[in-house]
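Engineer: If you read the sequences in order, they're chains A and B. For what it's worth, our numbering labels the leading residue of the first sequence as 1, then goes sequentially. For what it's worth, our numbering labels the leading residue of the second sequence as 1, then goes sequentially.
No lab work stands behind these hints, which were simulated from the structure alone. Just so you know, not all the hints are guaranteed correct.
Since copy identity is lost for identical chains, a pair holds within one copy or between any two.
What the hints assert, rightly or not - In silico lysine-lysine, DSS-like type, Cα no more than 27 Å apart, as pairs:
{"no.": "1", "residue 1": "22", "residue 2": "177"}
{"no.": "2", "residue 1": "22", "residue 2": "173"}
{"no.": "3", "residue 1": "22", "residue 2": "130"}
{"no.": "4", "residue 1": "221", "residue 2": "177"}
{"no.": "5", "residue 1": "173", "residue 2": "158"}
{"no.": "6", "residue 1": "177", "residue 2": "158"}
This one's a predicted model, so the numbers in the text were calculated from it and none came from an experiment.
2 protein chains.
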Amino acid sequence: MSESSDSSTGLTYPVTDRNRVKRRHDRGHYDHETVHALLDAAALCHVAYVVDGEPYCTPTLFWREGTRLYWHGSSASRMLRTLAEGQRACLTVTHFDSLVLARCGYNHSADYRSVMAFGQARLVDDPEEKTRALVMMVDRFFPGRTAQLRASSEQEVKATSVVWMEIEQASAKIRAKGVVDEDEDYELPIYAERLPVRMVLGEPEACPRLLPGVERPEALKAYEGGRLLESALRESYEAAYSPRSR
Amino acid sequence: MSESSDSSTGLTYPVTDRNRVKRRHDRGHYDHETVHALLDAAALCHVAYVVDGEPYCTPTLFWREGTRLYWHGSSASRMLRTLAEGQRACLTVTHFDSLVLARCGYNHSADYRSVMAFGQARLVDDPEEKTRALVMMVDRFFPGRTAQLRASSEQEVKATSVVWMEIEQASAKIRAKGVVDEDEDYELPIYAERLPVRMVLGEPEACPRLLPGVERPEALKAYEGGRLLESALRESYEAAYSPRSR
Chain A
1 MSESSDSSTG LTYPVTDRNR VKRRHDRGHY DHETVHALLD AAALCHVAYV VDGEPYCTPT
61 LFWREGTRLY WHGSSASRML RTLAEGQRAC LTVTHFDSLV LARCGYNHSA DYRSVMAFGQ
121 ARLVDDPEEK TRALVMMVDR FFPGRTAQLR ASSEQEVKAT SVVWMEIEQA SAKIRAKGVV
181 DEDEDYELPI YAERLPVRMV LGEPEACPRL LPGVERPEAL KAYEGGRLLE SALRESYEAA
241 YSPRSR
Chain B
1 MSESSDSSTG LTYPVTDRNR VKRRHDRGHY DHETVHALLD AAALCHVAYV VDGEPYCTPT
61 LFWREGTRLY WHGSSASRML RTLAEGQRAC LTVTHFDSLV LARCGYNHSA DYRSVMAFGQ
121 ARLVDDPEEK TRALVMMVDR FFPGRTAQLR ASSEQEVKAT SVVWMEIEQA SAKIRAKGVV
181 DEDEDYELPI YAERLPVRMV LGEPEACPRL LPGVERPEAL KAYEGGRLLE SALRESYEAA
241 YSPRSR
């Protein structure tokens, strides 16, 4: 479903009862190409995890490398402290594409593209790997940016925890068909429509305290006011990784 | 933080270790007014729940009435079958407002407004209550619409499960400050910006199979191309409920 670099691999995530799309199974996809393209088009995800039997659903920024997902946060956060020893997690990304108004209540719906990814979340412990991950935390979204920044202090690195999760299983679920009514309902004089929804970039707001002469780097050109966020993120993903690590 | 109808109640959700905002506690809010306003500005949520110790994070449409949240789905879905007997759940709503590019990696961030709501999710069993909920499933988003639709069949009602959850605890977390750098970093010749992100409505796409003369109902006027989705949802919420049930 995209020109992703996975298109030629033909790889697929294993399907079990855990990730099989049960409801409307025609909407389910398990191939790397579809799953990865939807992940790379998002910056925000929601991670579910369990503490003392209680489920938590936490929004966070994330990024992908190959079949591995990363997210981060304060070393003091509940989510990250809990994950330190390795914990089951489900990371979900949803692109909300429309509200669908049909001719009966039952067929009211939404168009969307979502991914649920399952695995064991763990802290990045290895110092070299953590340093590399802290670079990608910025450069995955804004390719090459870390090289232009003030270097991180030891304290800043310590205060940040990075989590990784190998995707053991994943499923994508896609509805992209707008209004679908029962055959006989099309004969009724009832209004129906698809109401598109889009995540759009606004005009960049430069920091008012920029030093004179500091210009917006060319590397940020994907992030232009009016563009779809997902287009900018997809382009940046392609620029951030070498073909091998995609 | 809004002109919500809760503004005069002064009510607050109880705070315990479960919902206390630990990381950046200055961003935490527990009052009904703030929590409800953020919920009413969204149609999509993510629900975390646990099956056999494994966390799941499922995107779904939802709505609020007072301190109660509702969502729905196929009676066959895994999430809903699991909830039938009453199960802990965490329903999270996130408004993603910007990406923040600072002068060091550590201060890269995002502006956002999120709510985590905790409770015991249960199926709506009572037939009258289910009928009422099935109306609100449509009318909460499109006030008065059910009256214009083909009535639901018995089979359609059976095939739909509705879940409700009394909010036992909730917290809102808000970051809305754009670029914030260390004092000394403002002296560096590094570009920094706030990159706004918005969920915007596209132009409504009328069903191509409308009967001649069927016009878009006046009641949908909140949903206009180019508007923020959250503005349309807030207006619709106000129109959908009597002041008493807000």
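Engineer: Would you mind marking each hint as holding or not holding in the structure?
Structural biologist: Structure-based check of each hint:
{"no.": "1", "hint": "22 / 177", "verdict": "within (19 Å within a copy, 42 Å between copies)"}
{"no.": "2", "hint": "22 / 173", "verdict": "within (10 Å within a copy, 33 Å between copies)"}
{"no.": "3", "hint": "22 / 130", "verdict": "between (38 Å within a copy, 24 Å between copies)"}
{"no.": "4", "hint": "221 / 177", "verdict": "between (32 Å within a copy, 23 Å between copies)"}
{"no.": "5", "hint": "173 / 158", "verdict": "between (37 Å within a copy, 24 Å between copies)"}
{"no.": "6", "hint": "177 / 158", "verdict": "between (47 Å within a copy, 24 Å between copies)"}
The structure shown violates none of the earlier numbered hints.
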